[in-house]
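Number of protein chains: 2
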Amino acid sequence: MRSTVIHGARDIRLEDRPDPAIIASTDAVVRTVATCVCGSDLWRYRGIADVPRPTPIGHEYVGVVEAVGGDVTTVKPGDFVVGGFLTSDNTCALCKAGAHANCLNGTGYDGCQAELIRVQNADGTLIATPDEPDETMVPSVLALSDVMATGWHAAVSADVQPGSTVVVVGDGAVGLSGVLAAAQLGAERVIAMSRHADRQRIARDFGASDIVAERGDEGVERVKELTGGVGADAVLECVGTHDSVVQALRSARPGAMVGWVGVPHVTDLPQEHMFWKNVGLRGGPAPVRAYLPDLLDRVWKGHIEPGKVFDLALALDQVAEGYAAMDERRAIKALLRP
Amino acid sequence: MRSTVIHGARDIRLEDRPDPAIIASTDAVVRTVATCVCGSDLWRYRGIADVPRPTPIGHEYVGVVEAVGGDVTTVKPGDFVVGGFLTSDNTCALCKAGAHANCLNGTGYDGCQAELIRVQNADGTLIATPDEPDETMVPSVLALSDVMATGWHAAVSADVQPGSTVVVVGDGAVGLSGVLAAAQLGAERVIAMSRHADRQRIARDFGASDIVAERGDEGVERVKELTGGVGADAVLECVGTHDSVVQALRSARPGAMVGWVGVPHVTDLPQEHMFWKNVGLRGGPAPVRAYLPDLLDRVWKGHIEPGKVFDLALALDQVAEGYAAMDERRAIKALLRP
Chain C
1 MRSTVIHGAR DIRLEDRPDP AIIASTDAVV RTVATCVCGS DLWRYRGIAD VPRPTPIGHE
61 YVGVVEAVGG DVTTVKPGDF VVGGFLTSDN TCALCKAGAH ANCLNGTGYD GCQAELIRVQ
121 NADGTLIATP DEPDETMVPS VLALSDVMAT GWHAAVSADV QPGSTVVVVG DGAVGLSGVL
181 AAAQLGAERV IAMSRHADRQ RIARDFGASD IVAERGDEGV ERVKELTGGV GADAVLECVG
241 THDSVVQALR SARPGAMVGW VGVPHVTDLP QEHMFWKNVG LRGGPAPVRA YLPDLLDRVW
301 KGHIEPGKVF DLALALDQVA EGYAAMDERR AIKALLRP
Chain U
1001 MRSTVIHGAR DIRLEDRPDP AIIASTDAVV RTVATCVCGS DLWRYRGIAD VPRPTPIGHE
1061 YVGVVEAVGG DVTTVKPGDF VVGGFLTSDN TCALCKAGAH ANCLNGTGYD GCQAELIRVQ
1121 NADGTLIATP DEPDETMVPS VLALSDVMAT GWHAAVSADV QPGSTVVVVG DGAVGLSGVL
1181 AAAQLGAERV IAMSRHADRQ RIARDFGASD IVAERGDEGV ERVKELTGGV GADAVLECVG
1241 THDSVVQALR SARPGAMVGW VGVPHVTDLP QEHMFWKNVG LRGGPAPVRA YLPDLLDRVW
1301 KGHIEPGKVF DLALALDQVA EGYAAMDERR AIKALLRP
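Protein chains in written order, with our numbering: chain C, 1 to 338; chain U, 1001 to 1338.
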């Protein structure tokens, strides 16, 4: 089967690799119908994170089950399935507490930008869609594998409530998904911080009531103007840089929560914007499986269309172009069809 | 009137100062019935925080209203009252959001370890007790002015829920109050980290189910043993040193919240115990007025007796001994009677 392998900075290749097989009785093998490139894949693509040896890459997928191990009971060959970017057993103490991303028996993947993948912990990771989704719905189901669930996690971590005023820092696929999540959770006002017209358009479409293009002190000023001088009730940090974390904390009103989901590259957390202002910070990798049944239901009923974050669709053999387009910001997020 | 003035490290004097008067129409003047020394007062007493000039000190009190300004409507002369360690108007956008410690019009005090004090924002700060409390109840009402409300804030910030397993780091008056708060909020298990027999006794009395005397790696190990290997659902950080914040974060299970209320003296926040573990951190100065009606009700009905944290009662003219006893850890918390 064909699989994407990263060899080093800006060196992405589609290669022939052995078909994955059932190893544990809790495994499934899934034939991917769609997969995609994640902003976090770009850390290695850009040479910021190391690639010590050629490595299969990708952690988002939807597909059809090909085979299951003897202990798998909730999905069967032929089912159309989606799973999160980490596997989880959905039975351990941490999964029971809703912390599936930190499952005691959780694992990652051996490269999902491929035709076939092995999914460990199949019962605790995959869920089958009610039926085979039609073509137009596939991107939205795929988005649940990571970005939409991650944006949702930001909103949940930030404690977005009906009536909340929310700021979203970051207009990548996760930030846009965060806008959608905040709107779905009943936010009265969603302020998207974005400088790009195309992304602003999607943010509006997802429920943003206001756009703030300014950053830094000016960005904080604009947020204050829009929030009666006090800041937002909830802030979603969807970038992960030091500046964006500071931007998020400073956009919060005293007593507010910041939900952070951007993989942090923060020198040190600015306590001066936290303790004395009673501003909290919570988040991390999203417990996708915890949110998946609800999110799939919202997609299935047509309440949300998170697949709109994919503004580029390519065949899998054009995967290198997908990376290049995202790296050069020609695309928000690239979908790949095996 | 007599008032406590700090002149510098270990230099506490009771001095004659002018009686406070109504200045703004929203002021009250209160004759204190009891006041006390706070752990945070010790920062200056120990010379860690600066004392640039002789300064009246103290921020906890109960007393009887002597006079009110023309716009005060909720308390009147003769009322027995308690107020928080900061004043709040209880009407601004932040008070409406429950963030009274960050009230847009909030103030501090000009020294509450005194016979008379001026309370700004009287309507938004003071509440009158249903009746004059009897002698034995006075310490418990006084405790609501800071430590009990602060322990409560730690528990609320840590999102303690019915059935939660909770760790409390710190066995000072705030930590012990945190134990009581966690138990009141329905925690199934409250693990108090304490090395002192007298404090362990109060912790047990307040609802601690387990005591962990170890600290550092050993303390984390003990907590893990008591929590099925995963850590606590909620952790209350009631000290504020770097080590205690790290202890708190490491005692939390993935997905848990740490409520921090110890004034932080933290070099930098250890992100490695936060993001990847999905452990959140929230807290700051307590919004006392937000909690006061409920807490006073619990004291009045005899459900809680937070005044047990006072293990030393002195006349106001022995205030210097109160500081010394707390500094030398001969007392948990010193109550002063004018």
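Certain hints may be false.
As the list claims (entries may be wrong) - Dumping the calculated SDA-like pairs for lysine to any residue here, alpha-carbon to alpha-carbon at most 25 Å:
1) C:K96 to C:G69
2) U:K1076 to U:E1115
3) U:K1224 to C:T91
4) C:K308 to C:I48
5) U:K1301 to U:V1033
6) U:K1096 to C:G69
7) C:K96 to U:P1056
8) U:K1096 to C:K96
9) C:K96 to U:L1226
10) U:K1301 to U:T1129
11) C:K224 to U:K1096
12) U:K1308 to U:D1294
13) U:K1096 to C:P162
14) C:K224 to U:A1097
15) C:K96 to U:S1209
16) C:K224 to U:A1093
17) U:K1224 to C:N90
18) U:K1224 to U:T1241
19) C:K96 to C:E188
20) U:K1224 to C:K308
To be verified - A few chain U positions that, by computed beta-carbon distances, are all more than 10 Å from chain C:
21) V1005
22) A1093
23) L1104
24) G1108
25) P1133
26) E1188
27) G1216
28) D1217
29) W1260
30) N1278
Honestly, the hints are just simulated from the structure, not real lab data.
Cβ atoms here follow ideal geometry from the backbone N, Cα and C, with glycine treated the same way.
Status of each hint after checking the structure:
{"no.": "1", "hint": "C:K96 to C:G69", "verdict": "holds (23 Å)"}
{"no.": "2", "hint": "U:K1076 to U:E1115", "verdict": "holds (18 Å)"}
{"no.": "3", "hint": "U:K1224 to C:T91", "verdict": "holds (19 Å)"}
{"no.": "4", "hint": "C:K308 to C:I48", "verdict": "violated (28 Å)"}
{"no.": "5", "hint": "U:K1301 to U:V1033", "verdict": "holds (21 Å)"}
{"no.": "6", "hint": "U:K1096 to C:G69", "verdict": "violated (55 Å)"}
{"no.": "7", "hint": "C:K96 to U:P1056", "verdict": "violated (52 Å)"}
{"no.": "8", "hint": "U:K1096 to C:K96", "verdict": "violated (35 Å)"}
{"no.": "9", "hint": "C:K96 to U:L1226", "verdict": "holds (18 Å)"}
{"no.": "10", "hint": "U:K1301 to U:T1129", "verdict": "holds (12 Å)"}
{"no.": "11", "hint": "C:K224 to U:K1096", "verdict": "holds (17 Å)"}
{"no.": "12", "hint": "U:K1308 to U:D1294", "verdict": "holds (19 Å)"}
{"no.": "13", "hint": "U:K1096 to C:P162", "verdict": "holds (16 Å)"}
{"no.": "14", "hint": "C:K224 to U:A1097", "verdict": "holds (16 Å)"}
{"no.": "15", "hint": "C:K96 to U:S1209", "verdict": "holds (23 Å)"}
{"no.": "16", "hint": "C:K224 to U:A1093", "verdict": "holds (13 Å)"}
{"no.": "17", "hint": "U:K1224 to C:N90", "verdict": "holds (21 Å)"}
{"no.": "18", "hint": "U:K1224 to U:T1241", "verdict": "holds (22 Å)"}
{"no.": "19", "hint": "C:K96 to C:E188", "verdict": "violated (31 Å)"}
{"no.": "20", "hint": "U:K1224 to C:K308", "verdict": "violated (44 Å)"}
{"no.": "21", "hint": "V1005", "verdict": "holds (26 Å)"}
{"no.": "22", "hint": "A1093", "verdict": "violated (5 Å)"}
{"no.": "23", "hint": "L1104", "verdict": "violated (7 Å)"}
{"no.": "24", "hint": "G1108", "verdict": "holds (13 Å)"}
{"no.": "25", "hint": "P1133", "verdict": "holds (30 Å)"}
{"no.": "26", "hint": "E1188", "verdict": "holds (14 Å)"}
{"no.": "27", "hint": "G1216", "verdict": "holds (22 Å)"}
{"no.": "28", "hint": "D1217", "verdict": "holds (20 Å)"}
{"no.": "29", "hint": "W1260", "verdict": "violated (7 Å)"}
{"no.": "30", "hint": "N1278", "verdict": "violated (4 Å)"}
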